[in-house]
Amino acid sequence: MFKKILIANRGEIAIRIIRACRELGIRTVAVYSDADKNALHVQHADEAVHIGAAPPRESYLNADALLRAALSSQADAVHPGYGFLSENASFAAAVDSANLTFIGPSADSIRAMGDKAESKIRMKEAGVPTVPGAEGLQSLPEFENAAREIGYPVLVKASAGGGGKGMRIVWDANDLPEEIDAARREALHAFGDDRLLIEKYLPHAHHIEFQVFGDKHGRLVHLFERECSVQRRHQKIIEETPSPLLTPELRRQMGEAAVKAAQAVGYYNAGTVEFIFDPASSAFYFLEMNTRLQVEHPVTELTAGLDLVQWQIRVAAGERFPYSQEQLTQRGHAIECRVYAEDPASGFLPSTGVLLQYIEPHGPGIRVDSGFRAGDEVTHFYDPLLAKLIVHAEDRPAAIRKMQAALRDFVVQGVVTNIDFMQAVLAHPDFAGGKVSTRWVENNFNWEPPSSPSFESLVAAALADFTIVNRQSSIENRNEPDPFSPWKNPSGFRN
Amino acid sequence: MKIIFNNTTIDIVPTDASYRVAIGDKTVNAEILRADTEHGKLDLLLDGERVTAYISSDNARRWVTVDGQTFVLTKSSASRKSGSGHHHAAGELTAPMPGQVRVVNVSEGDSVTKGQTLLVLEAMKMEIRIQTPMDGVVKKLLVVHGQTVEREQKLIEIVDKLES
Numbered sequence: 001m002f003k004k005i006l007i008a009n010r011g012e013i014a015i016r017i018i019r020a021c022r023e024l025g026i027r028t029v030a031v032y033s034d035a036d037k038n039a040l041h042v043q044h045a046d047e048a049v050h051i052g053a054a055p056p057r058e059s060y061l062n063a064d065a066l067l068r069a070a071l072s073s074q075a076d077a078v079h080p081g082y083g084f085l086s087e088n089a090s091f092a093a094a095v096d097s098a099n100l101t102f103i104g105p106s107a108d109s110i111r112a113m114g115d116k117a118e119s120k121i122r123m124k125e126a127g128v129p130t131v132p133g134a135e136g137l138q139s140l141p142e143f144e145n146a147a148r149e150i151g152y153p154v155l156v157k158a159s160a161g162g163g164g165k166g167m168r169i170v171w172d173a174n175d176l177p178e179e180i181d182a183a184r185r186e187a188l189h190a191f192g193d194d195r196l197l198i199e200k201y202l203p204h205a206h207h208i209e210f211q212v213f214g215d216k217h218g219r220l221v222h223l224f225e226r227e228c229s230v231q232r233r234h235q236k237i238i239e240e241t242p243s244p245l246l247t248p249e250l251r252r253q254m255g256e257a258a259v260k261a262a263q264a265v266g267y268y269n270a271g272t273v274e275f276i277f278d279p280a281s282s283a284f285y286f287l288e289m290n291t292r293l294q295v296e297h298p299v300t301e302l303t304a305g306l307d308l309v310q311w312q313i314r315v316a317a318g319e320r321f322p323y324s325q326e327q328l329t330q331r332g333h334a335i336e337c338r339v340y341a342e343d344p345a346s347g348f349l350p351s352t353g354v355l356l357q358y359i360e361p362h363g364p365g366i367r368v369d370s371g372f373r374a375g376d377e378v379t380h381f382y383d384p385l386l387a388k389l390i391v392h393a394e395d396r397p398a399a400i401r402k403m404q405a406a407l408r409d410f411v412v413q414g415v416v417t418n419i420d421f422m423q424a425v426l427a428h429p430d431f432a433g434g435k436v437s438t439r440w441v442e443n444n445f446n447w448e449p450p451s452s453p454s455f456e457s458l459v460a461a462a463l464a465d466f467t468i469v470n471r472q473s474s475i476e477n478r479n480e481p482d483p484f485s486p487w488k489n490p491s492g493f494r495n
Numbered sequence: 496m497k498i499i500f501n502n503t504t505i506d507i508v509p510t511d512a513s514y515r516v517a518i519g520d521k522t523v524n525a526e527i528l529r530a531d532t533e534h535g536k537l538d539l540l541l542d543g544e545r546v547t548a549y550i551s552s553d554n555a556r557r558w559v560t561v562d563g564q565t566f567v568l569t570k571s572s573a574s575r576k577s578g579s580g581h582h583h584a585a586g587e588l589t590a591p592m593p594g595q596v597r598v599v600n601v602s603e604g605d606s607v608t609k610g611q612t613l614l615v616l617e618a619m620k621m622e623i624r625i626q627t628p629m630d631g632v633v634k635k636l637l638v639v640h641g642q643t644v645e646r647e648q649k650l651i652e653i654v655d656k657l658e659s
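For the record, the sequence lines run as chains A and B. Quick note on numbering: the first sequence equals residues 1 to 495 in our numbering. Quick note on numbering: the second sequence equals residues 496 to 659 in our numbering.
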């Protein structure tokens with residue numbers, strides 16, 4: 001087993017990995033940029049190494065700096081987390097060349113699946129159903145011809161991509177040139193690779209993905225699905241398992257296809273095979289494979305009863321994964337809500353600032369994976385994910401109620417969040433009915449924030465201000481302090 | 496005493512052991528059960544109903560969370576100017592959020608048409624297009640490629656063709 005692991009990431013996922021290491025008795029090395037000197041993940045780790053300036057390309061995407069940090073701290077393995085270099089085959093290969101262990105699949109598997117175009121070709125060969133589309137196009141006329149053949153709307157996305165970056169839906173041929181330019185630029189900045197592929201866009205589809213897991217001894221299983229159809233800007237905000245749409249038979253078919261897809265690239269460690277699911281026909285198509293730990297892995301952990309991060313580390317160290325497909329079951333229902341610093345009322349634009357208040361909910365069946373605390377600053381350099389709130393309950397209705405209660409207890413002030421927005425989604429009959437497709441937020445959900453503040457909030461704010469004024473004037477008059485003043489220490493309330 | 500938040504006047508009158516709070520024609524008897532200044536938490540009894548509020552302050556702004564809902568209020572008073580204070584001219588485009596200028600499509604003096612993408616900002620790995628809301632001419636270009644900009648920072652000024 002490893003003695004020391006370097007975590008090539010930041011925020012909540014770095015902390016999640018540090019916790020797993022601690023339970024396995026492994027020492028941890030955090031890395032940080034200028035902007036993260038005082039970040040929570042740095043404080044959780046046994047050691048921390050500075051790797052560069054705040055922009056990701058100069059720090060968390062800087063493979064050389066990360067390798068130097070791993071070698072100088074004498075780590076024997078590197079966990080990449082998700083995002084950043086987690087799906088970068090060259091980085092995985094460089095880690096191996098430095099005689100360190102990359103906690104994830106082989107560089108070859110990452111390379112095969114990381115390229116969306118190549119992976120689609122490999123999946124077709126392996127007999128896994130794929131979405132109609134075209135790969136390997138260069139010039140604008142080629143894209144225009146392919147789009148015409150497939151039929152609008154089409155989806156243009158980064159070959160090297162993931163996470164909705166470098167992805168554009170194009171409804172009209174006139175918009176194609178500009179959208180391709182934009183997708184190229186986004187792809188280049190996010191992945192350092194501007195190749196794009198194009199495919200048919202299915203507007204009413206659901207996003208259903210399967211967690212797969214393999215060891216280095218040939219065992220490869222799936223750990224059931226996650227329904228991730230509540231999305232905005234092509235990024236997931238609410239995920240759950242089991243999917244309200246799948247029958248046991250569909251689950252079996254899709255699970256088998258997921259395992260087949262992973263086998264086709266000789267996969268081991270944790271991975272996710274994403275499918276587009278058409279509820280009208282119950283047809284499913286391979287979308288892509290994420291060759292890393294997924295943001296929403298906790299819902300699988302809670303229902304399957306496994307610690308995926310600990311197993312990632314154990315199989316990377318050569319241990320066998322002890323459970324066969326038949327031994328794996330799911331229990332209850334789990335939901336994850338991603339609490340983002342963003343404003344749903346203005347196009348989900350990220351919101352930056354200092355967290356004036358940050359109080360997480362607690363209770364049975366409630367888990368919070370977060371990387372922030374009160375007083376921290378949310379900057380524009382990184383993803384605006386504040387925390388993942390995950391609940392586990394007996395069944396779906398109970399899990400929804402638990403999530404609603406937990407979100408009510410989540411207090412974030414100083415940045416605008418999507419908490420109210422997610423409450424509205426959870427309360428919607430379409431969500432209860434499992435009718436939310438990936439385009440639902442955009443097309444069917446007309447959410448607006450309350451037009452005026454509630455009576456109670458105005459009363460509370462006014463009382464808070466009033467009692468401070470009273471307290472201050474009574475000090476000036478050298479009188480006894482206002483007996484009703486709650487503000488024993490006026491400086492505690494930042495005026 | 497009168498306090499104004501978001502153009503709503505709240506009138507507070509201390510009584511024996513509590514407060515009468517009036518907003519418009521709605522009045523409530525408010526008792527402060529507990530106040531935790533360190534955490535900005537108030538436990539109130541409003542006409543006998545328990546209400547817990549979390550409050551924080553950021554200059555004239557107040558963040559208030561009651562029953563899971565958060566509101567941002569702006570305080571107006573005699574000593575402070577009311578409202579947001581800044582007013583942008585029609586053709587003055589500002590950054591909707593902090594970020595970096597990734598693309599500059601125009602130069603000063605260029606003619607532009609409504610809806611044209613003038614600049615592209617990148618923030619939190621997303622692209623935000625800055626488009627002109629009107630036909631006109633680029634009078635001032637205030638940023639360069641690669642520059643980091645703050646929220647509300649002026650980026651570019653567009654004027655009517657006649658004005659230029």
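Just so you know, these hints were derived from the structure itself, not from any lab. Please note: incorrect hints may appear among the correct ones.
Unchecked claim - Ranges of calculated distance between the beta carbons of each label pair, as one might list FRET restraints:
id, chain 1, residue 1, chain 2, residue 2, range
1, B, E544, A, D430, 47 to 55 Å
2, A, S282, B, N502, 35 to 43 Å
3, A, R68, B, E645, 50 to 58 Å
4, B, D506, A, A345, 45 to 53 Å
5, A, Y152, B, N502, 43 to 51 Å
6, B, N524, A, S282, 25 to 33 Å
7, B, D520, A, N174, 19 to 27 Å
Stated by the list, open to error - Which stretches of chain A does chain B cover? Using the computed rule of at least three CB atoms under 8 Å from a CB of chain B, they are:
id, segment
8, 106-116
9, 364-370
10, 411-424
For every residue, glycine included, the Cβ atom is placed at its ideal position computed from N, Cα and C.
Measuring from beta carbon to beta carbon, are B/D506 and A/A345 in 45 to 53 Å? 30 Å, violated
Proximity test - 8 Å, beta-carbon atoms, the segment 364-370 of chain A to chain B, at least three hits: Since three or more residues must qualify, the claim that chain B covers the segment 364-370 of chain A is violated, with 0 doing so at under 8 Å.
In this structure, is the beta-carbon distance linking B/E544 and A/D430 contained in 47 to 55 Å? This hint is violated: roughly 32 Å between Cβ atoms.
With respect to the beta-carbon atoms only, verify the hint that B/D520 and A/N174 lie 19 to 27 Å apart. Hint violated: Cβ distance 55 Å, outside 19 to 27 Å.
Can you let me know if the beta-carbon spacing of A/Y152 and B/N502 is within 43 to 51 Å? Cβ of A/Y152 to Cβ of B/N502: about 47 Å, so the range 43 to 51 Å holds.
Range hint 25 to 33 Å: satisfied by the CB atoms of B/N524 and A/S282? 59 Å, violated
Counting residues of the segment 106-116 of chain A that have a beta-carbon nearer than 8 Å to any beta-carbon of chain B, does the count reach 3? Since 0 is below three, the answer is violated.
Does the beta carbon distance between A/R68 and B/E645 stay inside 50 to 58 Å, or does it fall outside? Since the Cβ atoms of A/R68 and B/E645 sit about 33 Å apart, the hinted range of 50 to 58 Å is violated.
Does 35 to 43 Å hold as the CB distance between A/S282 and B/N502, or does it fail? Hint violated: Cβ distance 54 Å, outside 35 to 43 Å.
Can you confirm whether chain B covers the segment 411-424 of chain A, using C-beta to C-beta distances below 8 Å and requiring at least three such residues? Holds: 9 residues of the segment 411-424 of chain A have a Cβ under 8 Å from chain B.
Checked against the numbered hints listed earlier, the structure breaks hints 1, 2, 3, 4, 6, 7, 8, 9; every other hint is satisfied.
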